[in-house]
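Participant: Input sequences plus hints: build the corresponding full structure.
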Amino acid sequence: MEFVLSSGEDQNSNITATEFVLLGFSDVPHLQWMLFGIFLLMYLTILICNGIIMLLTRTDPALQTPMYFFLSNFSFVEICYVTVTIPRMLMDLCTQKGTIPLFSCAVQLCFVIMLGGMEFLLLTVMAYDRYVAICNPLHYPLVMNNKVCVQLVAACWISIIPVVTGQTYQIFSLPYCGCNKINHFFCDIPPLLKLACGDTFVNNLAIYVASVVFIMVPFLLIIVSYSKIICNILKLSSAGGRSKAFSTCSSHLIVVVLFYGTATITYAQPQSNQSESMGKLLSLCYTILIPLLNPIIYTLRNKDIMVALRKLQTKLSTYGNT
Numbered sequence: 457m458e459f460v461l462s463s464g465e466d467q468n469s470n471i472t473a474t475e476f477v478l479l480g481f482s483d484v485p486h487l488q489w490m491l492f493g494i495f496l497l498m499y500l501t502i503l504i505c506n507g508i509i510m511l512l513t514r515t516d517p518a519l520q521t522p523m524y525f526f527l528s529n530f531s532f533v534e535i536c537y538v539t540v541t542i543p544r545m546l547m548d549l550c551t552q553k554g555t556i557p558l559f560s561c562a563v564q565l566c567f568v569i570m571l572g573g574m575e576f577l578l579l580t581v582m583a584y585d586r587y588v589a590i591c592n593p594l595h596y597p598l599v600m601n602n603k604v605c606v607q608l609v610a611a612c613w614i615s616i617i618p619v620v621t622g623q624t625y626q627i628f629s630l631p632y633c634g635c636n637k638i639n640h641f642f643c644d645i646p647p648l649l650k651l652a653c654g655d656t657f658v659n660n661l662a663i664y665v666a667s668v669v670f671i672m673v674p675f676l677l678i679i680v681s682y683s684k685i686i687c688n689i690l691k692l693s694s695a696g697g698r699s700k701a702f703s704t705c706s707s708h709l710i711v712v713v714l715f716y717g718t719a720t721i722t723y724a725q726p727q728s729n730q731s732e733s734m735g736k737l738l739s740l741c742y743t744i745l746i747p748l749l750n751p752i753i754y755t756l757r758n759k760d761i762m763v764a765l766r767k768l769q770t771k772l773s774t775y776g777n778t
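Note that the sequence shown covers residues 457 to 778 in the working numbering.
It is possible that part of the hints are untrue.
Cβ-Cβ distance ranges computed for the label pairs, FRET-style [said to hold, decoys possible]:
# : residue 1 : residue 2 : range
1 : Q488      : T774      : 40 to 48 Å
2 : T774      : P597      : 30 to 38 Å
3 : R766      : Y596      : 21 to 29 Å
4 : Y596      : Q488      : 45 to 53 Å
5 : G507      : G717      : 21 to 29 Å
6 : S706      : T551      : 37 to 45 Å
Calculated pairs, DSSO-like style, for lysine-lysine (alpha carbon to alpha carbon, straight line, at most 30 Å) [as the list claims (entries may be wrong)]:
#  : residue 1 : residue 2
7  : K650      : K637
8  : K736      : K553
9  : K684      : K759
10 : K553      : K650
11 : K684      : K603
12 : K553      : K637
13 : K759      : K603
14 : K759      : K691
15 : K650      : K736
16 : K603      : K767
17 : K771      : K759
18 : K637      : K736
Because the hints were derived from the structure by calculation, they are not lab data. We put the beta carbon where it would ideally sit given N, CA and C, even for glycine.
Facilitator: The following block contains the structure:
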C-alpha cells in the first residue's frame, strides 16, 4: 500500500493515504461470481432498456413532446450514473483487489453526486411539465416550447456542477490518516467521512445544506405540482379523462417515491445511526435496483412508448425478413 509521509512527523499518526481499498463484497468471497453475473446482467439490462427509451423518443414522431424529451435526458443520466459505479464494482469482484487511487475516488464521488443530483432536478422538471400540461393545457405549447425545455435541462446542469465540484474538493481536502479501507463498493460520502481523521462538522453541514437544496426543495416543488395536478384532475367530469390524466402521472410518481425514499434514508439521517451493511444495501437500491426499475416502470405503464416499441419491433422484423 502506498503512503505519503509528512517530513519530520510521527510515522504512526501522520500518515496520509494516497489510495483507498474498496472492500465491497469481500466478506462473501464464495458469492463472488454469482454476484458478478447478477450485477452484469442488471447493468446490461439498464443500458439496453434506457437505450431503447432514448432511441424511441428521438426517432418516433409521436414521442416528440417535452415529456419524452425530459424522459430521454433522464435515461441518459441513468446510463451515465450506473456506468460510474457498476463497471468498477464488476472489476473489483473479478480481481478481489479493490484498490483505487485518491484522485480516481474523488472523480467517482464527484460524478455519483452530480448525476444523482441531476436525477432529482430532472424529476422536478418533469413534474412541472405535467403540471403545465394538465393544469394549463391551452398554454402548454407556448410555455413548454423546445427552447424552454433545453433551457430547463441546461439550468439543471449549470446549477449542480459547481456545487458538486466544490463539495468534492472540500471532502478530499480532509486528512485521511490511518485506515484507508472503505467498507463500500464505491466512493460515497458517508464511508469516506468515517475515515477522515479531521473535523468533519463543516462537511456534514455542507452535505445537509446541499441535501436541502437539491433533494428537499425539489421534493417540495414536486409535492406542490402534484397537489395542484390532483385537484385539477378531480374536477374533471369525465371518468375516462381522469383515468388518462392519472395514468400519465403515475409512472413519474412511483419513480419519485423510490428515489426520494432511499435518498432521504441514506443522506438525511445522522451517519452514526446508519450501519455499514445498511448503507451498502441502500446504495445497491439507488445505484442498481432503482435504475433497473425506472425504464420498466416508464415502459410498461406508458401506452405511447409501448406503441412506439411495437412499431420498432415491426420495422426490425420487416427489415430482418427482407
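Participant: All hints are to be evaluated individually against the structure, with a verdict given for each.
Facilitator: Hints, verified against the model:
| no. | hint | in the structure |
| --- | --- | --- |
| 1 | Q488 / T774: 40 to 48 Å | 44 Å, holds |
| 2 | T774 / P597: 30 to 38 Å | 34 Å, holds |
| 3 | R766 / Y596: 21 to 29 Å | 27 Å, holds |
| 4 | Y596 / Q488: 45 to 53 Å | 52 Å, holds |
| 5 | G507 / G717: 21 to 29 Å | 26 Å, holds |
| 6 | S706 / T551: 37 to 45 Å | 43 Å, holds |
| 7 | K650 / K637 | 10 Å, holds |
| 8 | K736 / K553 | 18 Å, holds |
| 9 | K684 / K759 | 24 Å, holds |
| 10 | K553 / K650 | 21 Å, holds |
| 11 | K684 / K603 | 25 Å, holds |
| 12 | K553 / K637 | 11 Å, holds |
| 13 | K759 / K603 | 27 Å, holds |
| 14 | K759 / K691 | 24 Å, holds |
| 15 | K650 / K736 | 14 Å, holds |
| 16 | K603 / K767 | 29 Å, holds |
| 17 | K771 / K759 | 18 Å, holds |
| 18 | K637 / K736 | 14 Å, holds |
In this structure, every one of the numbered hints holds.
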